[in-house]
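Residue numbers (UniProt numbering), protein chains in the order written: chain A, 1 to 377; chain B, 1 to 377.
It should be emphasised that the hints constitute simulated quantities derived from the structure, not laboratory data.
Owing to the predicted nature of the structure, the values given are computational and were not obtained by experimental measurement.
Keep in mind that a hint or two might mislead.
[Unchecked claim] Distance windows between CB atoms, simulated:
hint: 1; chain 1: B; residue 1: A156; chain 2: A; residue 2: L360; range: 31 to 39 Å
hint: 2; chain 1: B; residue 1: D323; chain 2: A; residue 2: R349; range: 43 to 51 Å
hint: 3; chain 1: B; residue 1: E366; chain 2: A; residue 2: D46; range: 33 to 41 Å
hint: 4; chain 1: A; residue 1: D119; chain 2: B; residue 2: E366; range: 25 to 33 Å
hint: 5; chain 1: B; residue 1: P359; chain 2: A; residue 2: L360; range: 22 to 30 Å
The beta carbon of each residue, even a glycine, is placed where N, CA and C say it ideally should be.
There are 2 protein chains.
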Amino acid sequence: MAHEHSHDHVKGHAHAHGHSHDSAPPATPDSFDEAAHQAQVQATFDLYRRAALSSNQRRRADFYALPKRHRDLLPDYNSLLREVDEKLQVNAELVQRMIEANPFPPPEDAALDAPAPTDADHERLRSTLRQCVRDWSETGRNERDTAYQPILDSLASCFSHLSPSEKAEIKVLVPGAGLGRLAWEIVRAGFSCQANEFSLHMLIASSFILNNCSTPNEFTLHPYLHSFSNIRSREDLLAPCLIPDVAPSDIAGGEAEFSFAAGDFLEVYGDAPGSWDVCVTCFFLDTARNVVAYLETIHGLLKPGGLWINLGPTLWHFEADRDSSSLELPLEDVKALARKIGFELSDEREVKTCYTTNPLSMLRHEYTAAFWTARKV
Amino acid sequence: MAHEHSHDHVKGHAHAHGHSHDSAPPATPDSFDEAAHQAQVQATFDLYRRAALSSNQRRRADFYALPKRHRDLLPDYNSLLREVDEKLQVNAELVQRMIEANPFPPPEDAALDAPAPTDADHERLRSTLRQCVRDWSETGRNERDTAYQPILDSLASCFSHLSPSEKAEIKVLVPGAGLGRLAWEIVRAGFSCQANEFSLHMLIASSFILNNCSTPNEFTLHPYLHSFSNIRSREDLLAPCLIPDVAPSDIAGGEAEFSFAAGDFLEVYGDAPGSWDVCVTCFFLDTARNVVAYLETIHGLLKPGGLWINLGPTLWHFEADRDSSSLELPLEDVKALARKIGFELSDEREVKTCYTTNPLSMLRHEYTAAFWTARKV
Numbered sequence: 001m002a003h004e005h006s007h008d009h010v011k012g013h014a015h016a017h018g019h020s021h022d023s024a025p026p027a028t029p030d031s032f033d034e035a036a037h038q039a040q041v042q043a044t045f046d047l048y049r050r051a052a053l054s055s056n057q058r059r060r061a062d063f064y065a066l067p068k069r070h071r072d073l074l075p076d077y078n079s080l081l082r083e084v085d086e087k088l089q090v091n092a093e094l095v096q097r098m099i100e101a102n103p104f105p106p107p108e109d110a111a112l113d114a115p116a117p118t119d120a121d122h123e124r125l126r127s128t129l130r131q132c133v134r135d136w137s138e139t140g141r142n143e144r145d146t147a148y149q150p151i152l153d154s155l156a157s158c159f160s161h162l163s164p165s166e167k168a169e170i171k172v173l174v175p176g177a178g179l180g181r182l183a184w185e186i187v188r189a190g191f192s193c194q195a196n197e198f199s200l201h202m203l204i205a206s207s208f209i210l211n212n213c214s215t216p217n218e219f220t221l222h223p224y225l226h227s228f229s230n231i232r233s234r235e236d237l238l239a240p241c242l243i244p245d246v247a248p249s250d251i252a253g254g255e256a257e258f259s260f261a262a263g264d265f266l267e268v269y270g271d272a273p274g275s276w277d278v279c280v281t282c283f284f285l286d287t288a289r290n291v292v293a294y295l296e297t298i299h300g301l302l303k304p305g306g307l308w309i310n311l312g313p314t315l316w317h318f319e320a321d322r323d324s325s326s327l328e329l330p331l332e333d334v335k336a337l338a339r340k341i342g343f344e345l346s347d348e349r350e351v352k353t354c355y356t357t358n359p360l361s362m363l364r365h366e367y368t369a370a371f372w373t374a375r376k377v
Numbered sequence: 001m002a003h004e005h006s007h008d009h010v011k012g013h014a015h016a017h018g019h020s021h022d023s024a025p026p027a028t029p030d031s032f033d034e035a036a037h038q039a040q041v042q043a044t045f046d047l048y049r050r051a052a053l054s055s056n057q058r059r060r061a062d063f064y065a066l067p068k069r070h071r072d073l074l075p076d077y078n079s080l081l082r083e084v085d086e087k088l089q090v091n092a093e094l095v096q097r098m099i100e101a102n103p104f105p106p107p108e109d110a111a112l113d114a115p116a117p118t119d120a121d122h123e124r125l126r127s128t129l130r131q132c133v134r135d136w137s138e139t140g141r142n143e144r145d146t147a148y149q150p151i152l153d154s155l156a157s158c159f160s161h162l163s164p165s166e167k168a169e170i171k172v173l174v175p176g177a178g179l180g181r182l183a184w185e186i187v188r189a190g191f192s193c194q195a196n197e198f199s200l201h202m203l204i205a206s207s208f209i210l211n212n213c214s215t216p217n218e219f220t221l222h223p224y225l226h227s228f229s230n231i232r233s234r235e236d237l238l239a240p241c242l243i244p245d246v247a248p249s250d251i252a253g254g255e256a257e258f259s260f261a262a263g264d265f266l267e268v269y270g271d272a273p274g275s276w277d278v279c280v281t282c283f284f285l286d287t288a289r290n291v292v293a294y295l296e297t298i299h300g301l302l303k304p305g306g307l308w309i310n311l312g313p314t315l316w317h318f319e320a321d322r323d324s325s326s327l328e329l330p331l332e333d334v335k336a337l338a339r340k341i342g343f344e345l346s347d348e349r350e351v352k353t354c355y356t357t358n359p360l361s362m363l364r365h366e367y368t369a370a371f372w373t374a375r376k377v
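The following block holds chain A by itself, in its conformation from the complex (with noise of 0.2 Å):
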């Protein structure tokens, strides 16, 4: 079995396109210096130690600016956050640990031409270290169970007369991979996979976790901390979360091969001849500026009477961003578009399931997310 995590592809950009409503979209990739943003990404890893201490940092001024009564009131605050703190820094050490091998490091001054990290980008870093969370520990098991079991149960009925060595020359093809755990299941299961992920910030998270984390709970995150809101009690707050849940070099044996290309899908795959078997798609599709070119897209990459199995909402990423255009379709337009394009649907139903939540937390985002299978005809 090969297991490289190849970052050879490397075509367009890497962009963060976190799962969320406020995480701001990035610019087109046309208005977007490469090198700007890569140095843009690494200042921002660089720069989380900081800013988290600062926000905690803002809490304890806010507190000191309290009346003294009101203090008094609250004389285990301090201590709360001086916990906080501590534990903010063991998140700095594997933030630090990871940009250390950040296999896209920007060129010698670039840094001079970037722009300083944002809020949103800090907010993207946050988010990746969330996604740690859902796709390589134990906390994000069930996350998976409902996400990525539906796919991996489809891929193992509809192969399952193959041979192991059959089905390692399988293709399967995984966009919007983020930090590829889904594509690993699928190598796990026996088949050849290809992650593909855009976000430069999920890369180097992504080739973090499958290139330099040899032993199961290696890594010590406290994934809560950001934000005091929502927390039922101090310990849910400080929960730490170990990552990652498996040893990512350990997937049995057998001659199926696991890559990773970086870049944006459409440019990567827009004119990839017809050669994939099976092309995955889960919480990808509404990353679109444009679906119609993404359903486009994934039926020319795959052969003849190739397989399409997609899990997901339709959060369009662009809806709000006025630099991006953006098209937004009710669910079962996009579906009727994926006939037209010439897929034959089976298996439609629907799967509740969230994304990078915490479990502990009072609240809750619960996506009804749709799922099919097709076939390319």
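On the provided structure of chain A, position chain B as indicated by the hints.
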């Protein structure tokens, strides 16, 4: 029964603090020009039609910028946008009626000093329209049943021994009253009630509904046109909602009084004598910059032995606001604080509920809200 929607306790300022993550919190009262704010809010209502149609026009422009081959795959998209335009016009008529009845019109010339409405202002108005659905439509019934009913049940059981005219002597205060439905239900249950609200958007909408709507289902609103994300079908996107579901003037007889006080809770009630029998806080505590001051004020305004009923999350509204101080406590710390201030808590439990959620949406934000009743000791 005196049922007047009096706005005669105006102190402080009216602000939006929509219960959502992404609405930028307003400035602190101190930094605030009242007349300019009134003019800005008035302008936001006045510009609703143009802003809404312009968002939809952006969709049309983006569609026409697609390659013709892509447009041909979406033959019905244009007619969808046309229908959305038509229904936005229906919304705009309601918004226009609301602002024509504005009980807080800006002084002449105030518009000269007022900043133009920002994206956040437009979002506050859209959030106010979603509040209309929550408080005054059949669509909002589930949210009201889950959030208001536990409070109404608790009130009813605490005062079940009273005669109707004794009940009418019980003075209930509802700060953060929003569009007033909970306060209205409390009056309908026979208690005297004062609603208090700070947001001028809310005050304009609640005044319109309470004073200008005479018959059930008088107005049509299409509340889901502003975002195409997480929508299953065209029908769901275009769905109408009739308001109000009841005739607001139709509160069953008796001597109970109903009043509406505009202004900041701390400014209006900060030094109030202990003259209230009950304080009801529903999705309110976390609007505090300083929750200690809120709890002190609730304690101060109650009679000895007075009752405090709370239901809500701890989504601290000012946590991300750089221009405001903010104190964010885990839920358990809020309860410990309440005990220190002089409350005896009972009936503590958790209640699952939503807040201005589109029940048809494929994305659901569900709160595990904290409920308790407390006695001033």
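key: Structure versus earlier hints - violations, ascending order   = none
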